[in-house]
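Peer 1: Protein chains in written order, with this note's numbering: chain A, 737 to 1043; chain B, 12 to 382.
If you are wondering where the hints come from, they were derived from the structure by calculation, not from laboratory data. Built from N, CA and C at the ideal position, the CB exists for glycine as well. Misleading hints may appear alongside valid ones.
What follows is a list of derived Cβ distance ranges for each label pair [to be verified]: (1) E159/B x L889/A: 54 to 64 Å; (2) A25/B x L884/A: 21 to 31 Å; (3) A789/A x D122/B: 19 to 29 Å; (4) L771/A x S382/B: 24 to 34 Å; (5) L1034/A x S382/B: 31 to 41 Å; (6) D122/B x L844/A: 34 to 44 Å; (7) Q865/A x S382/B: 29 to 39 Å; (8) I1026/A x G279/B: 51 to 61 Å; (9) L801/A x S382/B: 42 to 52 Å; (10) G356/B x Q865/A: 23 to 33 Å.
Listed below are the simulated DSSO-like cross-link pairs for lysine-lysine, each with C-alpha atoms no more than 30 Å apart in a straight line [what the hints assert, rightly or not]: (11) K238/B x K887/A; (12) K281/B x K238/B; (13) K887/A x K196/B; (14) K185/B x K88/B; (15) K88/B x K345/B; (16) K281/B x K88/B; (17) K281/B x K887/A; (18) K345/B x K158/B; (19) K119/B x K185/B.
A few chain A residues that don't get close to chain B, going by computed Cβ distances all over 10 Å [claimed, not checked]: (20) A811; (21) T816; (22) I831; (23) G932; (24) T950; (25) I965; (26) L1001; (27) V1002.
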Amino acid sequence: MTVANAPALTSTGAGATPRRQSVSGRGGILRFLGLTPFALYVLLFLGIPTVLAVSTGLFTEDGGLTLDNIVGLFAPNVLTAFGNSFFVSAVTAVIGAVIGALVCYAMLGTRPDGALRAIVDSASSVLAQFGGVMLAFAFIAAIGSQALLTKFLAEAFGLNLYANGPWLYQVPGLLVVYLYFQVPLMIITFMPALEGLKTTWAEANATLGGTRFTYWTRIAIPVLAPSFIGSLLLLFANAFSSYATAAALVSQGAPIVPLQIRSALVSETVLGRENMAGALALGMVVIMVIVMWGYSVLQGRTSRWQK
Amino acid sequence: MFKKCNLAALALVAGVAISLSACAGSTTPAASDVDAATATSAEDFGGLDALVAAAQAEGQLNVIALPDNWANYGAIKALFEEKYGITVNSADPDISSAEEIAAADNLKGQDTAPDVFDLGTAVTLASTSYFAPYQVANWSEIPDANKEATGLYVNDYTGSMSIGYDSNSVPEPKSLDDLLGSDYKGAVALNGDPTQAGAAFAAVGLATVQSGGTLDDFTPGIDFFQKLNAAGNFLPVNATGATIASGETKVVFDWSYNNLAAAATVDGWKVTTLPGAVYTSFYNQAISKDAPHPASARLWQEFIYSAEAQNLFIVGGAYPVTIQTLQDAGTVDKGALDTLGELKGDLVTPTAKQAEDNAAILASKWAAAIS
């Protein structure tokens, strides 16, 4: 801003360059040795199992190469499962992101080291991982067909929650249950981004004659957009691959892809489809790759101003 | 405090001691020189007593997927332990037949691999390469239609597909179409998904034959469940002992022995078999080719087909495969058989081909029918 600051900027710039040059020259490979244990761990327990799982889709039971499993991906019930999975993940990601962002914004007004923010932070960290059988049981016990809340509403207000069918045990139920861990996950991933919004920017906007509308559309949203979309993608991936909650809640029909994978692996009536699970996993990987590509395109556009 | 080199020496000695002790502990070999893993009958051991001695030398038996309240397996396992002094290690009671074979694959060569299997027909026929042939002492008492010729697998018990219902909340269903009425709103459940579980598959089979169809094509059964779902009477929850006790699943299609086990503990739970065609399906007993305790496995097989264990099946509500012989010889548990009732009606069981065809039909039509 002022001339006095300019030499300081150039001096740090000049000081940085020689440092960068010396590091790449001396001891280059040794720097990466520290990463080796972690890289080995990721390769052994993440990389190789993924490749093995996905490649089983290309083999028959006897070991011959085949495209039958990939072709089987286009059967109507499997396509419906992919559609349902995508729908549930997208809807819970968007709703979770919006609600989470609003909660984060509300928390901005609280004291950074106060009790309320600490409580919300810790509660979100716990609830973001509160998935699986426990969550399914909690919902069944709370609003299932024989549950506390259902009975109370039926007796006190005559309101039958299940007048239109047992929705909790089908895809609509997944929408409600998944939100329970999507919103806390959004809160813990998005809060740092909101905290990074400097108050000086709001002041600069005000002094330059902008309104709240211009602040949000021209300053805050462009700054927040990459991390918002990144968190949205994280929520999508979280819901897309979520298995335990759905397995405990939905018993009939395998309407989403992780349940289709379970059906292919453990069915005792429809046999010989274990390798189908690999093809289904490959399909999920393809969808995630497409979504990540969309994310990188969006990221490139929204952070144009930062370049 | 220890000096550093002393501490290092101590650690080295401890490490060597632990690794050497791991090498030392191995299972003691069987006393006799009979190779239990290739024995095909008790004569190969030199008689039943020699088989018992060989099994007791092994001391353990690994069973898998045998819940205590499934056809009274709890009492059967306990009686085996008490009679022979062999510890029964019961793993994974709630998994499916396909998962039993998967466990045999994954644990191959280890001490915890399953010794014996109790499998549904479809999985049995697809997995004969996992079995070792064995003919029990009373081989001739088992009807030919219920056993594989060399003894690779043998039927052990069957039930009939029945309807259990909570008599305190819903009326008794006298025919299949009764279940479409408004009395049963949100009440009817299956024990699993028909594309995954044998009991649910059998429920669709029962619906098929009761709707006038044949076992060649389960479509009439699938149509029935579609109508049930459209009427709002189908509850897509897996029926278990817990859901029956909590009152969530008021009407359950399940094997007679499972429903009867629930009736014994849940107040007001009654079991009925619909008149007309009765759907049955035998489960199959087999010995693992790579059993870590081959003599115990073969003794278990002898035990299962003995009169004691077969009668315990009746107590559990299942019909054992030697029931005719037991009745003829007068060794059947009369009280239990009277409580259970006879297996009467027009009995139907699917063949392997029918099971495979219908599995394919279910895989393509079931999800759309009940969504």
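Peer 1: If any of the earlier hints don't hold here, list their numbers in rising order.
Peer 2: 2, 4, 6, 9, 10, 14, 19, 20, 21, 26 and 27
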